[in-house]
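For the sequence shown, this note's numbering begins at 215 and goes up steadily by one.
Take every hint as true, because none was put in to throw you off.
Here are the in silico distance ranges between beta carbons for each label pair:
1. L556 - L380: 26 to 32 Å
2. S412 - P587: 28 to 34 Å
3. L380 - N430: 26 to 32 Å
4. I303 - T547: 50 to 56 Å
5. E292 - T551: 43 to 49 Å
6. S558 - S521: 30 to 36 Å
7. E413 - N217: 41 to 47 Å
8. Q416 - L489: 28 to 34 Å
9. R260 - F295: 24 to 30 Å
10. F583 - A308: 54 to 60 Å
Derived from the structure by calculation, the hints contain no laboratory data.
Please read all numbers here as calculations on a predicted model, not as lab measurements.
All residues carry an ideal CB built from backbone N, CA and C; glycine is no exception.
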Amino acid sequence: MVNEHALTVSLEEFGLSKYEAQAYVALISKGTISASELAYYSEIPRTKIYPTLLKLENKKLAIISKSKPIMCTAIAPEDAFDGIIHEQINKVNAMNSLVSNLKKASEESRKTRGSEEKRYFHVGANNVLAQLQTMIDGSKSSIKIMADQWGFGLLAECKEQLLSVLRRNLEVKVLVSPSQICSEAYRIIPEGVEIRSSEITQNCFIFDEAELLMVNNDNGKGAIFSSTDILGANQEKIFSTIWKNAVKTKALADMTKTEAQEIYKIIKTVNELGLPYILNSSMISKKSENDLFKLLEKNGISLKSKSLDDIIEMIDAIIQITCSGHVNFEANTKNITVESKLNSGHSLPWVSILDGCLQKQGYKTRTVFQDNPSKGERVHIKISKS
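Generate the whole structure from the sequences, applying the supplied hints.
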């Protein structure tokens, strides 16, 4: 029997997103089925299935009917992947040449490091990429990276080396600037690399907590520092501090760059300005239920034009990022449940925003809060039309 999980992973290596790969494999297995059936068999959330189908159609991997219910069919593999196969053959040929060059660079690098007695040595701009690839490939336990747009683009050119260390179960953590969430470089980085976002202004690559490569994005030059240098220890502490407070990006991986940027801005605005805004509002107004909704509008984030499904999808991603939870919407009963694995009201700011959006769209809402110290918190929102 064909291993569908293995097929899905292989399709991801061919450039499909996780959801696209799951959907295509399910269509190949089940034949022509409805969109709702595809969501069930592929284990893709219902709110994600139609955007995923549109992406498959744009990539000429599936056909979507215009009738209701929507029916979908996979394009035959031999027709869908002929061009990709030839592209991969060309990549393999190019990779063989690259490996030979990397081997030479690696040997020269080892000789240089073996004879170097300075506290650090410089790497020319033309050799930084090869040096980075060599250091990634030679890592033994962990890789921690802080990268701005330039450095993240450099890292994206190390996909094969990253795949190699991930197969060895190395821990790879990357901090990037918000502008890089769901960028072209972001989508190249292999699944298994944990990416979080914060305001990053430097390019620093830490290997095995023992070796440090820093790259200047103004001129492309780099410098390597050994573990005996105090700079390495300081950078490790800086990374750990930023990582702890950085925004997780996994829940945004299948979104467009615009959607991901908007969600990041919402989280950043509420985290930085939410509490002082609510405290100030409570002093001048008796109606505080929509204060966070108003805060977002004042900071250029308008949710009025979005549909209920869009709002729920956004809040679901935010809850995953901030509370390790989910938002569940029952279309039949019009009930919404916000589940958070964290207690102490972590989900309440986002419930407040969701409640404000519902009221703006003309719904009446009633919320019920439940708190379980061992399981987290849950908020039920019952909605009805005014």
